Amino acid sequence: MKFTYYPGCTLRTKAKQLDIYGRKSLEALGVDFEEVKEWQCCGAVYPISRDEVATKLSAVRTLNSAKVEGEGKLLTLCSACHHVLKRVNGDMKNDENIRFKANNYLALEEEYAGETDVIHYLELLRDYVGFDNIKRAVKNPINKKVGAYYGCLLLRPSKELAFDSPENPTIIEDFIKAIGGTPVIYGMRNECCGAYVSATNKEIAVKKSVKVTDDAMGHGAELLVTACPLCMYNLTENGNKKVPVYYFTELLAEALGVKE
Amino acid sequence: MDKLEQVKLVKERSGTDARKCMKCGKCSGRCPAYNEMDVKPHQFVSYIEKGDIDKLLNSKSLYTCLSCFACVERCPRGVAPANVIEAVRQEVIRVQGENKIQAEKVPEMIDETIPQQLLVSMFRKLNK
Amino acid sequence: MQRIGVFVCWCGSNIASTVDVKKVAEVLKAEPGVVISENYQYMCSENGQALIRNAIKEHSLTGIVVCSCSPRMHEATFRRTAESAGLNPYMVEIANIREQCSWIHKDMEEATEKAIILGRSAIAKLKLNAPLTSGESAVVKRALVIGGGIAGIQSALDIAEAGFEVDIVETSPTIGGNMAKLDKTFPTLDCAACILTPKMVDCAQNEKIDILTYSEVESVKGFVGNFKVQIRKKARFVDEKKCTGCGECMQKCPSKKGLNDFNMGLNTRPAIYIPFAQAIPNVAVIDPEQCLKLKNGKCGLCAMKCNVNAIDYTQKDEIIEREYGAIVVATGYKPISLENFNEYGYSQYKDVVTSLELERLMNAAGPSEGHLVRPSDHKEPKVITFIQCVGSRDTSGCGKPYCSKICCMYTAKHAMLIREKYPDTEVHVFYIDVRTPGKNYDEFFRRAVEQYGVDYVKGMVGKVYEENGKLMVQGADLINNEQVVIPSDLVVLAAAIEPSPTVRKIATMVTASIDTNNFLTEAHAKLRPVESPTAGIFLSGVCQGPKDIPETVSQASACAAKVIGLLAKDKLKCNASVAHSDETLCSGCSVCANVCPYGAITYVDKEFRLGGGKTELRRVASVNPAVCQGCGACTVTCPSGAMDLKGFTTGQIMAEVDAICKR
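Protein chains in written order, with the working numbering: chain Y, 261 to 520; chain B, 740 to 867; chain A, 6 to 668.
Just so you know, not all the hints are guaranteed correct.
Unchecked claim - In silico lysine-lysine, PhoX-like type, Cα no more than 25 Å apart, as pairs:
(1) 204(A) with 261(A)
(2) 519(Y) with 437(Y)
(3) 759(B) with 419(Y)
(4) 419(Y) with 405(A)
Think of the hints as simulated: they come from the structure by calculation, not from any bench.
Since we're looking at a predicted model, the values are computed, not measured.
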C-alpha cells in the first residue's frame with residue numbers, strides 16, 4: 261500500500277522537525293509513501309459556516325490529488341491539517357450542497373465525492389504499522405516519563421474525526437509505550453492550549469498553556485509530545501517553560517535510531 | 740440589515756438547531772475560555788433562539804472563543820454552540836470595514852517562531 | 006343481497022374538524038347495498054351504540070361499517086354492539102378515518118375524499134364477509150414470571166395469593182434483583198433489605214411458588230392460555246436440595262479473586278459463593294470460569310469440606326418443559342455503560358462511582374460494611390459531588406433520550422443520608438432539572454436542601470480531572486452565571502438506566518413488541534398499561550419503562566390482577582379469524598407448517614374421489630382452529646393458494662384494494 265504524503269505549509273518552515281523525522285521514520289519502518297505533487301495549504305482552519313465553500317477548495321484539491329495520484333490514502337502529520345482535511349472530506353461525502361458547488365468550481369476531470377481516506381500519521385502507526393511492530397523496531401528506547409498532549413483539533417468533534425475517544429484517548433500513550441517511554445496521564449491533555457488566540461490575545465494563551473504545562477509537570481511528565489505546530493509554538497512560548505515539548509515524530513526517529 | 744433576517748442567516752450558517760437545547764449548561768461547564776467571555780456559550784444558543792442578535796454581535800466572546808469544539812463534543816442534545824459563535828463572527832466580519840486584523844500591523848504582533856499556519860488562521864477567523 | 010348500515014363517527018372534533026362527516030355519510034349512502042347511513046358525535050357512547058342497535062333491528066341489517074377510530078381501539082366495542090342486536094360480530098367492519106385520515110391530514114377536502122374511499126373499501130370487504138364463530142380453548146392454570154426482582158416477586162406473590170401456581174425464572178443465582186443491592190429507599194428511608202427480604206422469604210415458603218434461579222427461558226411456544234415453555238436450569242455445580250448454605254465452602258475456596266457482582270465489582274468473592282447473606286435460595290453456586298477444579302481439574306477443596314456432599318462438579322445444564330396460561334415479563338434494568346462519558350472520569354479515576362456502587366458503599370452488608378470510604382484509599386471523603394442525568398435525556402447518540410425517572414429522588418436520598426451520618430461532609434449536586442412528582446417526593450427533596458444543607462447547583466458538569474489528589478469537578482452554575490470548580494474526594498454519577506439486555510431475546514420469544522429503547526410496549530399507553538399487545542403476555546416493572554419501587558410494586562400488582570383474571574377463566578374464546586386449507590388445492594408440501602409460529606398446522610392423509618369410482622390418498626394440511634392465531638403467515642407462503650384466512654380472505658383483501666383504486 262502506498263500513502264500519499266501531505267506535509268502542509270508549516271512543516272516546510274517552522275515545523276521542519278515534524279516533517280523530516282516523520283519521513284525518516286516512515287523509511288525506517290518500511291512504509292511506502294510519496295508526497296502530493298504541487299500541494300497547497302489546507303486552509304488552516306475548518307470553515308464552520310455552512311455557506312462557506314471557497315475556503316474549502318484548497319483542501320478539496322489536496323484530497324482529490326490523493327485520489328488521482330495515489331491510492332486514495334492521504335497521510336497527514338499536522339493536527340490542524342488533519343482536522344481540516346478530514347472534515348472537508350466529510351462534507352464532500354455527506355453535504356450535497358457543498359459537494360455540488362465545490363465540484364462546479366473546480367471542474368475536475370472526475371467529480372470528487374469524498375473517496376479519499378484521510379489518515380493521521382498516528383493512525384498509520386496504530387492501524388497500518390502496529391505499535392507492536394514499532395516496539396520491535398526500537399533501537400533507543402525513550403526512557404522518560406512523557407506526557408501526551410492531544411489538544412483539541414486531533415480529537416474533536418469526535419463524530420467527524422473518529423480518531424480516538426475524545427475524553428479518554430489512548431493512541432499517543434500507546435505510541436509512547438511503543439517507543440519505550442512511560443506515558444503520564446494528566447487531566448489537561450485534551451484541553452485547548454489557546455493557540456488560535458496567541459497573537460491576538462496573548463494573556464489567554466499564556467493562561468491556558470501554563471495550565472497545561474503545569475498539570476503535566478505536576479503529574480511527573482519530563483517532556484511533552486504533540487502533533488500540532490500550533491500547540492508546539494504556544495506551549496513552548498507561552499507555557500511554563502519548564503517542560504520541553506517535542507513533536508512525536510522526533511521522538512519516534514530517536515527511538516528508531518534514525519535521528520542524526 | 741433587518742434583525743430577523745440576520746438571526747435567520749446566523750442560524751442557517753451555524754447548521755445547528757438551537758431549539759434542541761435543554762438548557763443544561765454543559766457547554767459552559769466544559770468551556771476552557773468561559774472566564775474570558777462576556778456572553779457564555781450557552782447564552783449564544785439562548786440569545787439566537789430568542790432573536791436577540793445585538794448582544795451577540797457586540798460580544799467580546801467572539802474573539803476569546805478558542806474554537807476547541809469542547810462544547811460541540813459534549814452537548815447531550817447535539818447542539819453546537821461553537822458553530823453559533825462562528826456564524827455570528829462571520830456576520831460581523833463580513834461587513835465592509837469590519838476586518839479585525841490589519842495586514843500592515845502584523846509584523847509587530849508576531850515573533851520569529853510563530854508558525855505561518857497561525858497567521859493564516861488568524862486572517863481566516865478575523866478577516867473577510 | 007346484503008343490507009348494509011354505515012355509521013360515521015365525529016369523534017368529537019377529532020374526526021369532524023378535518024373530515025366532513027355528513028358528506029361521508031351521504032356519499033356512502035349511495036353505495037349499492039347500503040340501506041342506511043348515519044353520522045353521530047360519539048358512536049362509541051351509549052347513545053351511539055343504541056343508534057347502531059336500533060338500525061340493525063329496524064332495517065334488518067346483515068352487516069355494518071363503522072367509520073371511526075382504529076379497530077385496535079373500538080372494533081371489540083362495535084362487535085359487541087352488533088352481537089347484542091343479533092348480528093354476527095364478524096359482520097362488522099371498521100374504516101379507520103381517524104388515525105389513518107383525520108389525524109394525519111390538514112386539508113378538509115382531501116381528508117373527506119379519503120374517508121369516503123376508506124368507507125367504500127370497508128363496504129366492499131363487508132360484502133364478502135361471512136358470519137364466523139369462535140372456538141374455545143382450555144386455560145392452563147399456572148403463570149410464569151420471568152425475572153425475580155421486586156416486580157417479579159410482587160406479581161408472583163399476588164398471583165399465588167389468589168390460589169394459582171407460579172414459577173419465577175431468574176437468571177442470577179438468587180432472587181431479589183437490583184432492590185436487594187440498595188441501602189435505603191425513598192421517600193421514607195426504610196432499609197431496602199428490611200422490606201424486601203421478607204417478601205423473598207414469602208416466595209420461598211409459598212407452596213404455590215416455584216423459584217427457578219440461575220435459569221433462563223429457552224423457548225416459548227403456544228398462545229394465550231396454553232404456552233409451552235422450555236427453561237434452561239444452568240449447572241450450578243451444587244445440589245440445591247442438599248446445600249444448607251453454611252458457607253464453609255466459601256471459606257475454603259482458594260480462588261478468591263472473582264469480581265463480586267452483588268457489590269458492583271467493588272470487592273472480590275471466591276469461585277464458590279452465595280451472592281449475599283439473605284439470598285433465596287440460600288445455596289452456593291460455582292463460577293465455572295473461576296473454579297480451579299472445573300478449569301484444570303486441580304483442587305476439589307470445596308467438595309472435601311462440604312458436610313452434606315452437595316458439590317457436584319459433573320452437573321450439567323438441564324432443560325425443563327412446563328405449560329403456562331400466562332407469562333409475566335419482569336426483566337428489570339441495569340445502569341448504562343459509561344464508556345461514552347469519559348468527561349466524568351469514570352474509567353480514569355477509582356473515586357468516580359455510579360449511584361448503584363454508592364449504594365453498596367453505604368450498605369451495612371457492603372464491601373466497607375456501611376462505612377462510607379472512597380474506593381482508592383479507603384479514606385472518608387470530605388467533599389462529595391453528585392452529577393445527575395449522566396446519559397439520560399441525551400439525544401447526541403452517547404446516552405438515552407429518555408428521563409430515567411429515579412435518579413433525582415435517589416440522589417436526594419444519598420445526599421441526605423450522607424449529611425445525616427457524616428455532618429462534616431460537604432455535598433454538592435449538579436442538576437439540570439429536579440423532577441420529583443410523586444406523593445411526598447418534592448417535600449423529600451426539599452428536606453435535603455433545607456434541613457440537611459445539600460448544595461444544589463443548577464448546571465451540568467463539563468469535566469472531571471485530577472489535581473493534587475482531588476477530583477476537580479468543573480461545571481456551570483447557571484444561577485450565579487459562573488463556571489465553578491469543586492475539588493472533591495468522591496464523585497457520584499447518576500447513570501441512566503436501560504432495560505435488561507435479556508429483554509430483546511425474551512420479547513422475540515413471546516412475540517411481544519418493543520420500542521426503540523428496548524422497553525416493552527404496552528397494549529395501550531393509558532388504558533392497558535400492564536399488558537403487551539400479545540395476548541397472555543403481561544408487563545411488570547422497569548421492562549415497560551423507568552419507574553421507582555412504589556410504582557413498580559403498583560404495576561406488579563396490577564399485572565397480577567390481570568393474570569388472575571385470565572387464569573380464573575376455564576375456557577378462552579379463540580380467535581375466529583383462523584386459517585383453513587382448501588384441500589382440493591393443497592399439495593401437502595409442508596411449507597405452511599414450517600412458517601407457522603404456533604404449531605397449528607398438521608398433515609392428514611385423506612381420500613379424494615377421482616371420478617369413475619377411483620379414489621386417491623393425498624396428504625393435505627389441516628389447521629387446528631384452537632391453536633391458530635390468524636397471523637396469516639401460511640396464507641402468503643402457500644405456493645398453491647390453498648391457505649386462506651377467514652375474515653381476511655384473499656378475495657376480501659382484493660375487493661378492498663379494488664375499491665380504493667376505483668375512482
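Hints, verified against the model:
Taken as a hint, the residue 204(A) and residue 261(A) pair is broken in the structure, with Cα atoms around 31 Å apart against an allowance of 25 Å. Restraint check for residue 519(Y) and residue 437(Y): the C-alpha separation of about 19 Å stays at or below 25 Å, so the hint holds. Restraint check for residue 759(B) and residue 419(Y): satisfied, since their Cα atoms lie roughly 18 Å apart, inside the 25 Å limit. A C-alpha spacing of about 17 Å is found between residue 419(Y) and residue 405(A), which places the hinted pair at or below 25 Å, so the restraint holds.
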